[in-house]
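Chains as they are written, first to last, in the working numbering: chain S, 1 to 303; chain G, 1 to 224.
It is worth saying that the hints were derived from the structure and are not from the lab. Virtual Cβ for every residue (Gly too), placed ideally from N, Cα, C. Hints are all accurate, no fakes.
Cross-link-like lysine to any residue pairs, in silico, SDA-like; alpha carbons within 25 Å at most:
1. K252/S to Y209/G
2. K229/S to Y211/G
3. K78/S to I14/G
4. K32/G to F119/G
5. K213/S to V97/G
6. K252/S to L31/G
7. K229/S to R212/G
8. K30/G to R199/S
9. K32/G to T197/S
10. K78/S to T169/G
11. K32/G to M265/S
12. K32/G to M206/S
13. K98/S to F98/G
14. K252/S to R135/G
15. K98/S to L279/S
16. K230/S to H67/G
17. K252/S to D214/G
18. K213/S to H67/G
19. K32/G to E202/S
20. K253/S to D214/G
Over 12 Å on every C-beta distance to chain S, these chain G residues come out as not near it, computed from the model:
21. V19
22. F119
23. G130
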Amino acid sequence: MNNKIPAFLLENKPYPHSRTVTVKTLFIDKAVGHISEFYETVFTNWETARKDGLFQRLNARTKLLFLVLFVFAVSIKKDVSSDILIAIFIMPFVVLSKIGILSFYRKTLIAGFFFGLLPGLPAVLNVIMPGEPVYRVIELDQPYELWIYHVPQTIAVTREGILSAMTLTSRVANSVSITLLVVCTTPFAELVKALSTLRVPEYFLMILSLAQKYAFIFLKMLADMHTAKKARLIGRPDAADWIAGRLAYVFKKTQQRCDDVHKAMTGRGFTGQVKLASLRAMTPVDIIYGAMFLTLWFFILII
Amino acid sequence: MHIPDGYLSPQTYIPMFAVTGAFWAGALRKLKTQLHAKQIPYLAMAAVFSFLIMMFNIPVPGGTTGHAVGAAIVALLLGPWTAVFAVSVVLIIQALVFGDGGITALGANCFNMAVIMPFVASWVFRLFRGQGGQRLSLAAFLSGYVGLLAAALATAVELGIQPIIAVSTDGRPLFAPYPLSVTVPAILIGHMFLLCIVEGMVTMLLLRYFYRHDPGMLKEAEAL
Numbered sequence: 001m002n003n004k005i006p007a008f009l010l011e012n013k014p015y016p017h018s019r020t021v022t023v024k025t026l027f028i029d030k031a032v033g034h035i036s037e038f039y040e041t042v043f044t045n046w047e048t049a050r051k052d053g054l055f056q057r058l059n060a061r062t063k064l065l066f067l068v069l070f071v072f073a074v075s076i077k078k079d080v081s082s083d084i085l086i087a088i089f090i091m092p093f094v095v096l097s098k099i100g101i102l103s104f105y106r107k108t109l110i111a112g113f114f115f116g117l118l119p120g121l122p123a124v125l126n127v128i129m130p131g132e133p134v135y136r137v138i139e140l141d142q143p144y145e146l147w148i149y150h151v152p153q154t155i156a157v158t159r160e161g162i163l164s165a166m167t168l169t170s171r172v173a174n175s176v177s178i179t180l181l182v183v184c185t186t187p188f189a190e191l192v193k194a195l196s197t198l199r200v201p202e203y204f205l206m207i208l209s210l211a212q213k214y215a216f217i218f219l220k221m222l223a224d225m226h227t228a229k230k231a232r233l234i235g236r237p238d239a240a241d242w243i244a245g246r247l248a249y250v251f252k253k254t255q256q257r258c259d260d261v262h263k264a265m266t267g268r269g270f271t272g273q274v275k276l277a278s279l280r281a282m283t284p285v286d287i288i289y290g291a292m293f294l295t296l297w298f299f300i301l302i303i
Numbered sequence: 001m002h003i004p005d006g007y008l009s010p011q012t013y014i015p016m017f018a019v020t021g022a023f024w025a026g027a028l029r030k031l032k033t034q035l036h037a038k039q040i041p042y043l044a045m046a047a048v049f050s051f052l053i054m055m056f057n058i059p060v061p062g063g064t065t066g067h068a069v070g071a072a073i074v075a076l077l078l079g080p081w082t083a084v085f086a087v088s089v090v091l092i093i094q095a096l097v098f099g100d101g102g103i104t105a106l107g108a109n110c111f112n113m114a115v116i117m118p119f120v121a122s123w124v125f126r127l128f129r130g131q132g133g134q135r136l137s138l139a140a141f142l143s144g145y146v147g148l149l150a151a152a153l154a155t156a157v158e159l160g161i162q163p164i165i166a167v168s169t170d171g172r173p174l175f176a177p178y179p180l181s182v183t184v185p186a187i188l189i190g191h192m193f194l195l196c197i198v199e200g201m202v203t204m205l206l207l208r209y210f211y212r213h214d215p216g217m218l219k220e221a222e223a224l
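Sequences are here, hints too, so could you generate the full structure?
Put into structure tokens, the structure is as follows:
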């Protein structure tokens with residue numbers, strides 16, 4: 001059977017470009033990946049904040065009190081055992097708040113590893129911090145003085161160094177878990193409103209709240225621009241100029257959007273006086289939990 | 001550059017909150033008198049602009065990546081007081097949403113990146129800018145470069161003084177364990193040869209773009 005495809009389409013000729021072209025936009029792709037990460041994080045937090053768990057039912061002010069008290073407590077405790085006690089104390093709240101416990105502790109441990117253990121590791125050696133050696137790593141033929149640095153003859157892991165790295169790791173992990181517990185169970189808008197109880201000016205809170213919303217709009221715009229550009233791209237783009245051009249474009253776009261937003265705000269009765277919608281009133285349950293957090297905080301401080 | 005929780009002692013982070021709070025209050029007063037209510041969304045958008053700049057991790061030799069803070073370009077385009085506000089907002093969102101930078105270290109992080117960096121960048125730009133495009137590019141690059149370097153130095157000092165001001169009875173550092181002799185070279189070398197160049201390049205490329213395509217905007221910025 002004869003087909004009706006024109007002959008030139010049936011010819012198996014190579015693509016007319018004589019050289020292979022590589023599209024090097026990998027780091028821009030990664031930036032767009034970060035944008036997706038932003039969406040994912042915000043939506044995951046939003047999802048967990050909507051669950052019917054213990055912390056989700058509490059007033060944002062009570063949770064803010066919890067955050068401030070316990071992050072402060074973690075920062076002043078001086079030993080690993082206190083940090084372990086605080087971690088044990090937080091765990092029931094995580095379970096009762098129906099946050100995915102595995103994902104919660106995975107994030108906490110990753111933060112503890114990358115921001116606590118890894119940067120703290122060199123400090124276990126007596127090159128950084130002198131102390132009681134517990135494990136000999138290397139024996140040099142003599143100690144060295146290099147400008148302001150002293151390298152001892154025996155380079156060893158010290159007891160003080162291990163304690164210091166452990167304290168740093170546990171403190172970072174605990175602080176992250178406390179912050180995560182509050183952030184995952186509280187919508188961002190409520191958390192921002194609760195900051196007014198710390199006397200943060202409403203003007204500032206409004207900008208904070210608007211910025212989080214605009215981040216969605218402009219990040220999407222940037223991601224769309226990149227997808228559109230990549231779809232039409234043949235050859236090597238000048239990545240630096242492209243980024244500068246797109247960022248500048250977004251900047252101009254944000255300025256144009258200002259007028260629209262201001263008109264919309266004026267149309268809804270904005271007169272220049274910033275007034276955020278108030279949070280729901282504190283219930284007896286919120287007050288009881290607030291009192292409980294305060295009591296536990298005192299208990300942790302005195303032990 | 002974002003200091004996490006656990007690295008700074010209360011003796012450091014509480015005063016840092018007080019100092020940064022004074023700058024926030026100053027910025028708020030300044031902006032309230034200078035800006036119309038119309039500019040409230042404008043400030044939020046400046047913050048998002050800085051946030052966007054931080055999203056671009058540019059590959060640097062050694063297999064790692066670095067990103068610009070964007071404080072210098074925001075300071076050059078909108079003025080340093082606006083940058084104080086805009087970059088602080090970004091840092092607060094990053095700490096609360098991503099856990100990037102600690103809650104207790106927020107005052108110090110804002111002081112380094114939202115206070116020191118925009119002001120130093122503005123001063124350096126004013127010092128080096130000329131009338132022509134060539135000096136403008138150089139001044140923009142240096143403002144980003146020196147601004148970030150100053151912020152990095154402040155971070156290194158804040159971390160490096162911890163073993164002096166907060167130690168246990170047996171002499172063990174309770175917070176960041178590295179002394180100034182380690183933190184200052186470690187942080188500054190990494191910044192001088194990699195991240196400050198990225199910041200300088202981003203500031204220069206963006207400012208050059210505006211110079212070519214929207215010179216009126218730069219005239220407005222110079223008036224700030």
